[in-house]
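Got chain H sorted already, so can you dock chain F onto it with the hints?
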Amino acid sequence: MIQVDHVYHDYEGKGIYAVSDISFTVQSGKVFGFLGPSGAGKSTVQNIMTGLLPVQRGEVRYDQYSVKALRTKFFNRIGVSFEQPNVYARLTGYENLKYFAALFSAPTCDPMELLDSVGLREAANKKAGEYSKGMRQRLTLARALLNKPEYLFLDEPTSGLDPATAASVRELIKAQRDRGAAVFLTTHNMELADSLCDTVAFLYGGKIAAMDSPDALKRRYGKRLVTVAYQEGESERVAAFDMDHREALVAFLAQNNPITIHSQEATLEEIFLLVTGKELTA
Amino acid sequence: MKSMLMSIIREIKLIFRDGITVYLTISPALLALVFILVFGSIQESTIRLAVDASVPAEVIARLETVADVEMMPDNESLVRRISGADSIAGVLMRGQTFVLLVEGNEAQGFAEARAQLIGAVLSGETQEYTAVAVESQHSLAYTISMACILLLALFIGGASMGLSGVNERESGVLRAITISPMTLLSYVASKLLPALLFGMIGIACCVLIMGRMDTLAPFLLLAGGSVFVSGIIAFLIITFADNQIAAVGVLKIIMPVFLIVGISAVFVPQGWSILYYALPMYWQYTAMDAILTGKAALLPILMTLGTGMVWFALVMILFTQKVKIKAWR
Chain H
1 MIQVDHVYHD YEGKGIYAVS DISFTVQSGK VFGFLGPSGA GKSTVQNIMT
51 GLLPVQRGEV RYDQYSVKAL RTKFFNRIGV SFEQPNVYAR LTGYENLKYF
101 AALFSAPTCD PMELLDSVGL REAANKKAGE YSKGMRQRLT LARALLNKPE
151 YLFLDEPTSG LDPATAASVR ELIKAQRDRG AAVFLTTHNM ELADSLCDTV
201 AFLYGGKIAA MDSPDALKRR YGKRLVTVAY QEGESERVAA FDMDHREALV
251 AFLAQNNPIT IHSQEATLEE IFLLVTGKEL TA
Chain F
283 MKSMLMSIIR EIKLIFRDGI TVYLTISPAL LALVFILVFG SIQESTIRLA
333 VDASVPAEVI ARLETVADVE MMPDNESLVR RISGADSIAG VLMRGQTFVL
383 LVEGNEAQGF AEARAQLIGA VLSGETQEYT AVAVESQHSL AYTISMACIL
433 LLALFIGGAS MGLSGVNERE SGVLRAITIS PMTLLSYVAS KLLPALLFGM
483 IGIACCVLIM GRMDTLAPFL LLAGGSVFVS GIIAFLIITF ADNQIAAVGV
533 LKIIMPVFLI VGISAVFVPQ GWSILYYALP MYWQYTAMDA ILTGKAALLP
583 ILMTLGTGMV WFALVMILFT QKVKIKAWR
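The listed protein sequences derive, respectively, from chains H and F. Start counting the first sequence at 1; every next residue gets the next number (my numbering). Start counting the second sequence at 283; every next residue gets the next number (my numbering).
For the record, the hints were derived by calculation from the structure and aren't laboratory data. Predicted, not measured: the structure shown is a model, and the values here were computed from it. Cβ coordinates follow ideal geometry from the N, Cα and C atoms, glycine included. Honestly, I wouldn't trust all of these hints.
[Said to hold, decoys possible] Stretches of chain H that chain F covers, calculated by requiring three or more beta carbons in the stretch to come under 8 Å of a beta carbon on chain F:
1) 48-57
2) 69-83
[Claimed, not checked] Footprint (simulated), chain H over chain F, 3 or more residues, beta carbon under 8 Å:
3) 288-300
4) 583-593
[Unchecked claim] Below are the SDA-like pairs computed for lysine to any residue, each with C-alpha atoms no more than 20 Å apart in a straight line:
5) K284/F to L91/H
6) K278/H to K284/F
7) K73/H to S453/F
8) K73/H to L287/F
9) K98/H to K284/F
10) K98/H to L287/F
11) K606/F to Q84/H
12) K606/F to K207/H
13) K73/H to M286/F
14) K295/F to A102/H
15) K127/H to G454/F
16) K295/F to A123/H
17) K606/F to N125/H
18) K604/F to V55/H
19) K73/H to K604/F
20) K606/F to A102/H
21) K133/H to S453/F
22) K98/H to S468/F
23) K295/F to V55/H
24) K73/H to K295/F
Okay, chain H solo, but in the shape it has when bound:
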């Protein structure tokens, strides 16, 4: 479990906080989504959590151990996949993983198996500099999984990937969650967050604007309506029904010929707009 308590960060020491009063918990075996536009402070929080930035105010704990007191061995337990694929361009995919595997003093996965799991087995002996952006992104993800991390940080893991590869990456993340890893997912991809996250937090202007499970947020901010498209003569019409008055819906369905029926819960994107007044763009 990762616990973040009232964390602030001021880059220049002038009282202007890049992030302020950030608190949340990432449970083991759960995916926590950190959503926000560019510049919202997502990377700042992740860097504080991974020790790349110092904790100026507040506290970050890994199973009760403060991030300030973490020693070298702790880094055997975390995996980080960065948004910008950062690999050795003049080493092959396999050499990259083999090198990083050697840095761990804990058991690691077989590099070739990992490359296989991210669809890079065929390109294992090709230099990473010759990979496409999506391939390097997958290599970075594979590197983050080398040490079977207990705490997994993923920054835009599906950015630049085609739909099929993005779907396989999504399955990979689910597999990490299912084996008990605490997954911290930073993204502005609402579909990904919706399909993977147990909890999401909307970060805007360095502060958490809303935080809950995707379903709870949808219920809280969405409209409890059902729309029914139906045929009337030659034309197609749409009728809306309040979900709290089901009798009217049932009566309508009995008397008409419905084509489609849709509930009108809000999407995470709409909720973000509602909560922050801004669109969630990269």
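Okay, now just chain F, sitting in the frame of chain H:
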């Protein structure tokens, strides 16, 4: 230990997969080849003479006791042979007088020594001789040129590791290393050990090409003593350059500093030398000068190591602050 070994292997792979770094690594050896073209190899220290048919057989026999003698069929061939690219003098007879024919571009000391020796042999005074040191090979120009190439060989090891580190910084790999179990000490060692290895290989190649194998052992010791100087070079580049273009800029500044500062001590008054004592580059050059002239070099080598360590520690403080890497964890 395993991570350090893998890091060294990785550095070697990266160097040999980058054309510019490969060229950098072999450049001191190329310069050493130019050096022997300019100064000649010390291994070619025997006197070589060409004679024509005018010289009597018993005189040729006497000349063969002190020199390698080549027979030329006539005077024209003799003159053509002497005008060739190598260093050879000619002997012929005009009437009853011996003539020593030279190209005219030999170092003064060498020409005089050779003339005296040949004169003595031809007059029948003596056939015994001792080797005379050739002036140009212990001249200041000779020592400084050789030292420059050897300093470059040591510089390149550090510079190559610096460029490799800049690449890690630019690509973000350094961030990935920072959040791995690799400690700062291991990272530093992963740069210093290959720099030391390349420095040693570079200096050994140069010494071999320049025909000074007699100085190999002390020069390898100096390469070992210069390990922190290589570290200063590497980490100065990584600290002040976050991309390859900036790295070239930093190289342009530090390369003359590391090659010239030590040598410049030769040109300042003796009393001012004390100003150089804190600089490892000064001790590097002093050690090289001592090795080349056959003096004791252990003290300057140890001073190179000691002063290098102090400056390296200061550079590491800058490095850890600039790249936000934790010194201890």
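Comparing the hints with the structure gives:
A count of 4 residues in the region 48-57 of chain H with a Cβ less than 8 Å from any Cβ of chain F is obtained; the coverage claim is therefore met, three being the minimum. Counting residues of the region 69-83 of chain H whose C-beta sits closer than 8 Å to any C-beta of chain F gives 9, which meets the bar of three, so the coverage hint holds. Here the region 288-300 of chain F counts 7 residues with a CB under 8 Å from a CB of chain H, which clears the bar of 3, and the coverage holds. A stretch counts as covered by a chain when three or more of its residues have a beta carbon under 8 Å from one of that chain; for the region 583-593 of chain F and chain H the count is 0, and the coverage is violated.
A threshold of 20 Å between alpha carbons decides the hint, and for K284/F with L91/H the separation of about 18 Å falls inside it, so the pair holds. Note on K278/H and K284/F: the hinted pairing is violated, with a Cα-Cα distance of about 50 Å set against a maximum of 20 Å. This hinted pair does not check out: K73/H and S453/F have alpha carbons roughly 25 Å apart, beyond 20 Å. Taken as a hint, the K73/H and L287/F pair is honoured in the structure, with Cα atoms around 19 Å apart against an allowance of 20 Å.
Distance restraint check for K98/H and K284/F: the Cα-Cα separation of roughly 12 Å lies within the 20 Å cut-off, and the hinted pair is therefore satisfied. A C-alpha spacing of about 12 Å is found between K98/H and L287/F, which places the hinted pair at or below 20 Å, so the restraint holds. As the CA atoms of K606/F and Q84/H are separated by approximately 18 Å, the hinted pair is consistent with the 20 Å bound. Simply put, K606/F and K207/H have alpha-carbon atoms about 25 Å apart, too far for the 20 Å limit, and the pair is violated.
For the hint linking K73/H to M286/F, the alpha-carbon distance of about 16 Å falls within 20 Å, and the restraint holds. At most 20 Å may separate the alpha-carbon atoms for a hinted pair to count; K295/F and A102/H meet this at roughly 16 Å. Taking the CA atoms of K127/H and G454/F, the gap is about 17 Å. The hint holds against a cut of 20 Å. Note on K295/F and A123/H: the hinted pairing holds, with a Cα-Cα distance of about 19 Å set against a maximum of 20 Å.
For the hint linking K606/F to N125/H, the alpha-carbon distance of about 33 Å lies beyond 20 Å, and the restraint is violated. Under the criterion of a C-alpha separation no larger than 20 Å, the hint pairing K604/F with V55/H is consistent with the structure, at around 18 Å. Restraint check for K73/H and K604/F: the C-alpha separation of about 24 Å exceeds 20 Å, so the hint is violated. For the suggested pair K606/F and A102/H, the alpha carbons sit about 23 Å apart, so the restraint of at most 20 Å is broken.
About 13 Å separates the Cα atoms of K133/H and S453/F, which keeps this hinted pair within 20 Å; it holds. A hinted pair counts as satisfied when its Cα atoms are at most 20 Å apart, and K98/H with S468/F qualifies at roughly 17 Å. A threshold of 20 Å between alpha carbons decides the hint, and for K295/F with V55/H the separation of about 37 Å lies outside it, so the pair is violated. Proposed proximity of K73/H and K295/F is contradicted: the alpha carbons are some 28 Å apart, above 20 Å.
When each numbered hint is compared with the structure, violations occur for hints 4, 6, 7, 12, 17, 19, 20, 23 and 24.
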